[in-house]
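Peer 1: Based on the hints, put chain B in the right spot on chain A.
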Amino acid sequence: MSKFHVTTTVNGDEVEYLCDPRETLLDCLRDKLNLTGAKEGCGTGDCGACSVTVDGRLVCSCLMLGVEAEGKQIETVEGMAEGDVLHPLQKKFIEYAALQCGVCTPGVLVAAKSLLEKNPDPTEEEARYWLAGNLCRCTGYDKIIRAVMDTAAELREAS
Amino acid sequence: MALDDRKSVFSFVGTRPDRPDGLDKVTGRAKFGADMSAPGMLHGAILRSPHAHARIVKIDASKAEALKDVKAVVTRADFADVPFKPGLEGEFYNVLENVMAGEKALYDGHAIAAVAATSALAARDALKLIEVEYEVLPHVTDVDKAMASDAPVIREGAADYSVPEGMHPNVVRYHESGHGDVEAGFAEADLVIEDSFTTEATHQGYIEPHACLASLGSDGKGELWCTTQGHWIAQKTCAALLGIETSQLRVTASEIGGGFGGKTTVFIEPVALALSRKANRPVKLVMNRSEVFRATGPTSSASMDIKIGMKKDGTITAAEGVFRLQGGAFPGAPGDMTAMCAFAPYDLTNVRQVGYDVMANRPKQAAYRAPGAPMGAFAVESVLDELCNRLGLDPVDVRLKNAAAEGSKASYGPTYERIGLVETLEAAKAHPHYSAPLKPGQGRGISCGFWFNHGGETSVSLALSEDGSAQVMVGTPDIGGSRASMALMAAEVLGIPYENIRVTVADTASLGYNDVSHGSRVTYASGLATIKAARHAVEQLCARAAASWGIPADAVKWENGCAVPSGPNAGDFDPRPLADITAHMGATGGPISGHFEATPEGAGVSFGTHIVDAEVDPETGKTSITRYTVIQDAGKAIHPTYVEGQYQGGAAQGIGWALNEEYIYGDDGRLQNSIFLDYRIPVASDLPMIDTVIVEVPNPGHPFGVRGVGETGIVPPLAAIANAVSNAAGVRMRQLPMSPPRILAALKDNG
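Protein chains in written order, with my numbering: chain A, 1 to 159; chain B, 1001 to 1751.
Just so you know, these hints were derived from the structure itself, not from any lab.
Worth double-checking, as some hints may not be accurate.
Estimated spans, in silico, between C-beta atoms of each pair [what the hints assert, rightly or not]:
(1) A/22 / B/1160: 46 to 52 angstroms
(2) B/1497 / A/132: 36 to 42 angstroms
(3) A/132 / B/1750: 29 to 35 angstroms
(4) B/1504 / A/120: 35 to 41 angstroms
Dumping the calculated BS3-like pairs for lysine-lysine here, alpha-carbon to alpha-carbon at most 27 angstroms [said to hold, decoys possible]:
(5) B/1058 / B/1278
(6) A/32 / B/1031
(7) B/1401 / B/1307
(8) A/32 / A/72
(9) B/1058 / B/1068
(10) A/32 / B/1128
(11) B/1128 / A/3
(12) B/1128 / B/1063
(13) B/1007 / B/1557
(14) B/1104 / B/1063
(15) B/1031 / A/91
(16) B/1068 / A/3
(17) B/1068 / A/32
(18) A/3 / B/1063
Which stretches of chain A does chain B cover? Using the computed rule of at least three CB atoms under 8 angstroms from a CB of chain B, they are [to be verified]:
(19) 16-29
(20) 32-41
(21) 45-52
(22) 75-85
(23) 93-101
(24) 129-139
(25) 143-152
Predicted, not measured: the structure shown is a model, and the values here were computed from it.
A virtual CB, placed ideally from N, CA and C, is assigned to each residue, including glycine.
Extracted from the complex, chain A is given alone in its bound form (with noise of 0.2 angstroms):
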């Protein structure tokens, strides 16, 4: 089978790569452009330690094709931090021990920002329906959501 030539930028930098259109975005993230981040923990959507955000728009990368990030724009946890700054959710999650196997991490980091980006004042609540589709198996949340929800109200004092 051809395989199709795709071009798109990942956290900034325009990448190219061949890729069979039975190939999902995460294997290409993945294997192609050696960004291994993402995590695949399902393969179905249900788990999102893939968790990429596509023209903005949180998606798990395993639901959608390599050939459909034609053009895209897309972040994944790797272009979280700025240069040598982690971002405040990533040192949050540090300070607050919100991982312990920390495979989940990757995606929850990128659904958390996604979230703050859209409602930068959650309640617990919508905090933890927004990262219902992130699964952790380890910490049962509870640091989780307390890392996020400090992050929130320490993004709101700055801005």
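Peer 2: The following block gives chain B in isolation, referenced to the frame of chain A:
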């Protein structure tokens, strides 16, 4: 260990610094199992049985092998029993039989053959061309049916000596223990309740599927990168299954995306090595989620009968339990553990417990956080709750009245050393949660839980650098922040800042043998080993200082990171900081390192008490957990934030087990819910904040008093939630999970 060796005032231990791998984990740079690749790498895929029980008549892989992208196909014939090392026995035989079927497919999802091809897609495509002829056999997936006389036999001769005569061949191990005279005890009781309970199999549910990258040459030398809780057991097992020497296989543990017991054995690793040997190229093999559910360790399902007698004042006069655990198509279901843990929180005069290990046509069960204990606690603590309800007694008071303490003879035999159960119950009673008012429709439940904890074979090596920093090599994969705990313990002994210590999970070629990260043993055993290795280095630091001062080594002591004279008689010298000694170590005798190799035996058993409020919607049968408090003895919390994390994680997994999670098999013996959409683990919107109380009753078997904390947290939730739900719904719930249909059925039966 002598008590005078124990430390109780700390500088670093008990603080909450950032974890050393935090940056890697929040930036996506941490390398997990599937994140590694190698030049020339092939991709593997595994063909799995669609049948629950079938004889494999013929495998024809010729069409797959003819594809130009396919570089190797393996079946059972490519493993060690034939032709490399005939007669593989015991658990190695079981693991081999599990990772690649022999004469029979024993469960839906059992591996039949595997391919390595130039891409993951090509490998998957090639699987479709492998033709397998099956002779389908009768199957059984339920534990009680698997013990019945007409049940199909999974494997003749699998039972060990412990099984009484006359039992079905699917019963493969039997355990019986206890003390006193239960019949006499029941006769003394004012009320005896006898009841039966079941729990379904659940999966550990780690978010990272099994993944590995293997390279093995025809010279018998290999490299393996894999996500595992224990790379030495992976090394030992893979070497046996492939018929190579253990030391010739170097295994490196990746960052691990959750395990909870499910990554304490191997599944795909030997297959990837066999493919690599045949193709003579590195092979990457990654499971998809459906494979994880179908073919890796769920926990056992259980069927249990409990009988407890109580006096009007709450004294338990006798307790008896029968625990039947289904562990899949291989021996190993922890019926013995369930039996031994079930009554362990209580100081009982008369107790008897029986456990059965039963095979059925399901995947080989694997350990899951305190394996076996949660089911037994569910059954026992439910009956205790019912006794309290009927006798009008407070459930915490009754547990306090019967609680085991130092000197109690445990239900499973030994006499307890210092333990902290009473302290957790007293903390529960004093906690505002316990006296908070409940709203209409809500119920409160409590439960105690016990787990043994484990020591295990442990090696740690610690090396000092010239600039006064230290590197620690441990062999226990870091599942939940253990590198932070190791660095804190090393800092405590060396007296140098936490930040100046780097802890690495060493590969199998760089350190001596280490048992798996299981049994809540990491902070206890690797921690003890780190402390001893650091003390070993400190002895040498003191000796170097002594030599420079011209006084005997025993006239120097280590204080706040410096060598100082041990007293006025030793002489008057300025303290020598660690970095001052290491700066000159090359010229004063060479490198300074410390190491420890042993099997610590004083793990110290662990207890917890949970308080849960639940609200049941009588219209839909849906249960909401409205408040949750975990109280558990940690001995000494090295990094309290990560101890809290273990408590919260155990509770959350318990909530899933109690309310939602179950393996659902169809009449055809196939697993019907093998994706996360259908096997629903708790999501953020399902849970409340989970409050924690860390009780600290020091473990006499650890220099800083540590008890393992990882597992006990999943023992009480099943029972505590069942008690809360039963109290809210006004009907006793005897089956887990308490999913909405089961709750509605129970409400209906109750009128």
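Peer 1: Could you run down the list of hints and mark each one as holding or not?
Peer 2: Taking the hints in turn, this is what the structure says about them:
1. Roughly 48 angstroms separates the CB atoms of residue 22 of chain A and residue 1160 of chain B, a value that falls within the hinted 46 to 52 angstroms.
2. Checked against the given bound of 36 to 42 angstroms, the beta carbons of residue 1497 of chain B and residue 132 of chain A, roughly 40 angstroms apart, stay inside it.
3. At about 32 angstroms, the beta-carbon gap between residue 132 of chain A and residue 1750 of chain B stays in the expected band of 29 to 35 angstroms.
4. Taking 35 to 41 angstroms as the suggested C-beta distance range, the pair residue 1504 of chain B and residue 120 of chain A conforms, at roughly 40 angstroms.
5. Taking the CA atoms of residue 1058 of chain B and residue 1278 of chain B, the gap is near 21 angstroms; set against the 27 angstroms cutoff, the hint holds.
6. A distance of roughly 16 angstroms separates the Cα atoms of residue 32 of chain A and residue 1031 of chain B; the hinted pair therefore holds under the 27 angstroms criterion.
7. Between residue 1401 of chain B and residue 1307 of chain B the CA atoms are separated by roughly 19 angstroms; this keeps the pair inside 27 angstroms, and the hint holds.
8. Taking the CA atoms of residue 32 of chain A and residue 72 of chain A, the gap is about 17 angstroms. The hint holds against a cut of 27 angstroms.
9. Distance restraint check for residue 1058 of chain B and residue 1068 of chain B: the Cα-Cα separation of roughly 23 angstroms lies within the 27 angstroms cut-off, and the hinted pair is therefore satisfied.
10. About 25 angstroms separates the Cα atoms of residue 32 of chain A and residue 1128 of chain B, which keeps this hinted pair within 27 angstroms; it holds.
11. This hinted pair checks out: residue 1128 of chain B and residue 3 of chain A have alpha carbons roughly 22 angstroms apart, not beyond 27 angstroms.
12. Restraint check for residue 1128 of chain B and residue 1063 of chain B: satisfied, since their Cα atoms lie roughly 10 angstroms apart, inside the 27 angstroms limit.
13. For the hint linking residue 1007 of chain B to residue 1557 of chain B, the alpha-carbon distance of about 16 angstroms falls within 27 angstroms, and the restraint holds.
14. At roughly 23 angstroms between alpha-carbon atoms, residue 1104 of chain B and residue 1063 of chain B fall within 27 angstroms of each other, so this suggested pair holds.
15. With a C-alpha separation of about 20 angstroms, the suggested pair residue 1031 of chain B and residue 91 of chain A falls inside the 27 angstroms cut-off, and the hint holds.
16. Restraint check: the Cα-Cα separation between residue 1068 of chain B and residue 3 of chain A comes to about 18 angstroms, which is no more than 27 angstroms; the hinted pair holds.
17. Taking the CA atoms of residue 1068 of chain B and residue 32 of chain A, the gap is about 22 angstroms. The hint holds against a cut of 27 angstroms.
18. Restraint check for residue 3 of chain A and residue 1063 of chain B: the C-alpha separation of about 24 angstroms stays at or below 27 angstroms, so the hint holds.
19. Beta-carbon proximity to chain B at under 8 angstroms applies to 4 residues in the stretch 16-29 of chain A; the threshold of 3 is reached and the given coverage holds.
20. For the stretch 32-41 of chain A, the stated coverage by chain B holds: 7 residues have a C-beta nearer than 8 angstroms to a C-beta of that chain, and at least 3 were required.
21. For the stretch 45-52 of chain A, the stated coverage by chain B is satisfied: 3 residues place a CB nearer than 8 angstroms to a CB of that chain, which reaches the threshold of 3.
22. Given a C-beta distance limit of less than 8 angstroms, the hint that chain B covers the stretch 75-85 of chain A holds, as 5 residues qualify and 3 suffice.
23. Chain B is given as covering the stretch 93-101 of chain A, and this holds because 8 residues of the stretch bring a CB closer than 8 angstroms to a CB of that chain, at least three being needed.
24. With 10 residues having a Cβ less than 8 angstroms from any Cβ of chain B, the stretch 129-139 of chain A passes the three-residue criterion, so the hint holds.
25. With a cut-off of 8 angstroms between beta carbons, the stretch 143-152 of chain A has 4 residues touching chain B; three or more are needed, and the interface restraint holds.
Violated hints for the displayed structure: none, as all numbered hints are satisfied.
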